[in-house]
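Taking the UniProt record's numbering as reference, the numbering of the sequence shown is continuous, increasing by one, and the terminal residue is 691.
Don't take each hint at face value.
[To be verified] Have a look at the derived ranges for each label pair, beta carbon to beta carbon: (1) Gly530 with Asp138: 50 to 60 Å; (2) Gly690 with Asn16: 19 to 29 Å; (3) Pro677 with His435: 45 to 55 Å; (4) Lys164 with Ala671: 52 to 62 Å; (5) Glu103 with Asp138: 45 to 55 Å; (6) Asp90 with Asp25: 25 to 35 Å; (7) Pro290 with Gln502: 46 to 56 Å; (8) Ala484 with Gln616: 48 to 58 Å; (9) His674 with Pro290: 25 to 35 Å; (10) Asp299 with Glu625: 22 to 32 Å; (11) Gly690 with Gly89: 34 to 44 Å; (12) Lys233 with Gln531: 31 to 41 Å; (13) Leu324 with Gly631: 39 to 49 Å; (14) Leu324 with Asp619: 30 to 40 Å.
Hints were generated in silico from the structure; no laboratory data involved. Beta carbons are placed, not taken as given, at the ideal position from N, Cα and C, and that holds for glycine.
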Amino acid sequence: MTVFDTFVVIDWSGGNDTGASPRKDAIWAGVTCNGQGQDPVYLRNRTVAEAWIVDLIRAELEAERRVMIGFDFPFGYPAGFAEALTGYGDPLALWDWFEARIEDGPDTNNRFDLAAEVNLGLGDGKGPFWFNGLPDRDIPGLPRTKDGYANPFSGKRQAETRAKGAFSCWQMGGAGAVGSQVFMGLPVLSRLRKRFHGMINVWPFEQLKHPVAFVEVWPSLTVVGDIPDGMIKDAWQVQELAHQMSGLSDVALAEMLDLYAPEEGWIFGLGFEDRMKSAPPLRNDCFALPSGVHWTPVDEALSLLKSRLSPVVAVETVPIGGALGRVVAQDVIAKRSNPPLPNTAVDGYGFAGGRGEGPHQLPLADGRAAAGDAPGTVPAGQAIRILTGAALPTGVDTVVLQEDVRIEGGAVLFTGPIKQGANTRKAGEDVKQRHIVTRAGRRVTAADLALMAATGNDALEVYQPLRVGVISTGDEIVEPGAAASDGQIYDANRPMLLALVQQFGHRAVDLGHVGDDRAALRVRLNGAKGQVDAILTSGGASAGDEDHVSALLEEAGALSLWRVAVKPGRPLALGMWQGLPVFGLPGNPVAAMVCTLIFARPALSVMAGQEWTTPQGFDVPAAFEKRKKPGRREFLRARIRDGKVEVFASEGSGRISGLSWAEGLVELPDAAVHVRPGDLVRYIPYGSFGI
Numbered sequence: 001m002t003v004f005d006t007f008v009v010i011d012w013s014g015g016n017d018t019g020a021s022p023r024k025d026a027i028w029a030g031v032t033c034n035g036q037g038q039d040p041v042y043l044r045n046r047t048v049a050e051a052w053i054v055d056l057i058r059a060e061l062e063a064e065r066r067v068m069i070g071f072d073f074p075f076g077y078p079a080g081f082a083e084a085l086t087g088y089g090d091p092l093a094l095w096d097w098f099e100a101r102i103e104d105g106p107d108t109n110n111r112f113d114l115a116a117e118v119n120l121g122l123g124d125g126k127g128p129f130w131f132n133g134l135p136d137r138d139i140p141g142l143p144r145t146k147d148g149y150a151n152p153f154s155g156k157r158q159a160e161t162r163a164k165g166a167f168s169c170w171q172m173g174g175a176g177a178v179g180s181q182v183f184m185g186l187p188v189l190s191r192l193r194k195r196f197h198g199m200i201n202v203w204p205f206e207q208l209k210h211p212v213a214f215v216e217v218w219p220s221l222t223v224v225g226d227i228p229d230g231m232i233k234d235a236w237q238v239q240e241l242a243h244q245m246s247g248l249s250d251v252a253l254a255e256m257l258d259l260y261a262p263e264e265g266w267i268f269g270l271g272f273e274d275r276m277k278s279a280p281p282l283r284n285d286c287f288a289l290p291s292g293v294h295w296t297p298v299d300e301a302l303s304l305l306k307s308r309l310s311p312v313v314a315v316e317t318v319p320i321g322g323a324l325g326r327v328v329a330q331d332v333i334a335k336r337s338n339p340p341l342p343n344t345a346v347d348g349y350g351f352a353g354g355r356g357e358g359p360h361q362l363p364l365a366d367g368r369a370a371a372g373d374a375p376g377t378v379p380a381g382q383a384i385r386i387l388t389g390a391a392l393p394t395g396v397d398t399v400v401l402q403e404d405v406r407i408e409g410g411a412v413l414f415t416g417p418i419k420q421g422a423n424t425r426k427a428g429e430d431v432k433q434r435h436i437v438t439r440a441g442r443r444v445t446a447a448d449l450a451l452m453a454a455t456g457n458d459a460l461e462v463y464q465p466l467r468v469g470v471i472s473t474g475d476e477i478v479e480p481g482a483a484a485s486d487g488q489i490y491d492a493n494r495p496m497l498l499a500l501v502q503q504f505g506h507r508a509v510d511l512g513h514v515g516d517d518r519a520a521l522r523v524r525l526n527g528a529k530g531q532v533d534a535i536l537t538s539g540g541a542s543a544g545d546e547d548h549v550s551a552l553l554e555e556a557g558a559l560s561l562w563r564v565a566v567k568p569g570r571p572l573a574l575g576m577w578q579g580l581p582v583f584g585l586p587g588n589p590v591a592a593m594v595c596t597l598i599f600a601r602p603a604l605s606v607m608a609g610q611e612w613t614t615p616q617g618f619d620v621p622a623a624f625e626k627r628k629k630p631g632r633r634e635f636l637r638a639r640i641r642d643g644k645v646e647v648f649a650s651e652g653s654g655r656i657s658g659l660s661w662a663e664g665l666v667e668l669p670d671a672a673v674h675v676r677p678g679d680l681v682r683y684i685p686y687g688s689f690g691i
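Use the sequences and the hints to build the structure in full.
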């Protein structure tokens, strides 16, 4: 299967020229190339659109990129129509048939007349096409409404019967109708196939062996939600669908394209809607800061990340035995109540109703009730032996402890009082059927698995693991154990970051070390596509001559230097590389770890499908004194001893030993503060970060 570099989505139009100013009901194109989204393109008429498509295909071929182009109209008609019209069952022959007969100009075309001609030839003027959109001219053979309509073919293709809300291709006009788009689109596609002969395959009629693929799309199938203010719906939808298609893994794309429909065609993504919606790639500008921002407070930086990030991984179904540590993608619903039936909480004897003070005697019914037994019936006025966990038989709603009774002469004797319902559990008192037991966004624990199993769930929808690549940069870095000159240091960041990624619950991918070589770093980043979903780099993230991470992100047009008011730390280089979010961390290990815990950890959690994670802190008396100036949030390496929190002796960012010495961080506020021994300070244990 061909792997694509560029995804294009084109919303077509069957109408006339729409003018120089962008507007709705025009032709719009969305493009995502190597994961980088572009602004939607306004195309005022089909002549302009065809020329634009020709230029795009030519440019993609020259750049040796493979491109998938989605067109928002049906590629075929219901079964039997192509052969009836052309003598062949091949839908591509139908494309050529339309090309030979459609007359098209910016302000006029013959689509309604051609539809009438087909009706007269195939259905005595009573079908299959209907709706005459010309208000000033009746057309014999093309009714304005479906009155008297008689269609010798199926009303819809199989794809349209499955896609809720999809219109029939027989309707030539009206809100949402696609009939005119097919008439005016197929001739263009036919000409493009001839112009680029041997370079284009059409899905799902042909195997995708050539560098260009045409597919049928319907943006409304998977692009849902609120339209951004000031944006035209069609423009937004093509942009978003191109993003969705680009975000699909090679495996997912291959599965979705593994379809052959010889005549009617199919809508790309139909049957895979959840997968399309689950992992839209992040926008190129998702890390952009508001204009004029120089230093960003920590809370504001976290709020921006929380609001702009979203899951970037696809969804799959796994058995609960393989779900530990995975992130729930869809609320898990109880298939049955827990407990499913009223049952006993103790070993004892069951009967109906409470009993007052004084002695009581009840004859024993035959048998007993044990856990797993089907509930029987106990006659009124009798009791039955019952064991912990057993479903209450009919006629039993109260249980007396076996320690409180004696058995004599086939009867159970005990002394009251005992309340009705004592020592029993109600059905569903823990969880009721159809209630949510595990919410989407939660990372599954062993306790969650117990609850899901108890409520009848054997599988659940989870996000695929987030793959996080780690790269260290700099000529001064050498591998641990290698020969190092006096001016070189061993790579401490990469093993630390890889371990942190694993502890966060993600899949760590070692992308190695790259020296101060921009070309080599570009190659390494390019090679990461398809291997990872996000990248952490250390070093080269500022604005100096050897800061190649930030330079490459800026070159890609997707760099934002976040000057966060935090210590330790310096500007974070956040950006996108071919659709992959990149977190450019400081090269200093102390700052790299703190920035990873405070910023990268919650961001990666959201991209993995998890809910935003805020570490739990505690107010603990200080065992130290510290004066702090206003302006920056500070994090001190710390640990608790004898009920008080102490901090590492040196605040120097080069003191890596302090990371190992510490068991958490003390967080000091943005404002000025003077901490004295005994003052309460906020302590965040490493365990609150998941490490």
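Now the hints, each set against the structure:
Gly530 and Asp138 have their C-beta atoms about 57 Å apart, which keeps the hinted 50 to 60 Å range intact. Distance hint check: the CB atoms of Gly690 and Asn16 are about 59 Å apart, inconsistent with the given range 19 to 29 Å. As the Cβ distance of Pro677 to His435 is approximately 50 Å, the hint placing it in 45 to 55 Å holds. A hinted range of 52 to 62 Å for the beta carbons of Lys164 and Ala671 is consistent with their spacing of about 55 Å.
Checked against the given bound of 45 to 55 Å, the beta carbons of Glu103 and Asp138, roughly 20 Å apart, lie outside it. For the pair Asp90 and Asp25, the beta carbons lie near 32 Å from each other, so the given range of 25 to 35 Å is met. The hinted range of 46 to 56 Å is not satisfied by Pro290 and Gln502, whose Cβ atoms lie roughly 35 Å apart. Checked against the hint of 48 to 58 Å, the pair Ala484 and Gln616 fails, with Cβ atoms roughly 40 Å apart.
At roughly 33 Å, the beta-carbon separation of His674 and Pro290 lies within the given 25 to 35 Å, and the hint holds. As the Cβ distance of Asp299 to Glu625 is approximately 26 Å, the hint placing it in 22 to 32 Å holds. The hint said 34 to 44 Å for the Cβ distance between Gly690 and Gly89, and at roughly 59 Å that hint is violated. Our hint of 31 to 41 Å for Lys233 and Gln531 holds, since their Cβ atoms are close to 36 Å apart.
About 43 Å separates the C-beta atoms of Leu324 and Gly631, a value consistent with the hinted range of 39 to 49 Å. For Leu324 paired with Asp619, a C-beta distance near 33 Å keeps the hint of 30 to 40 Å intact.
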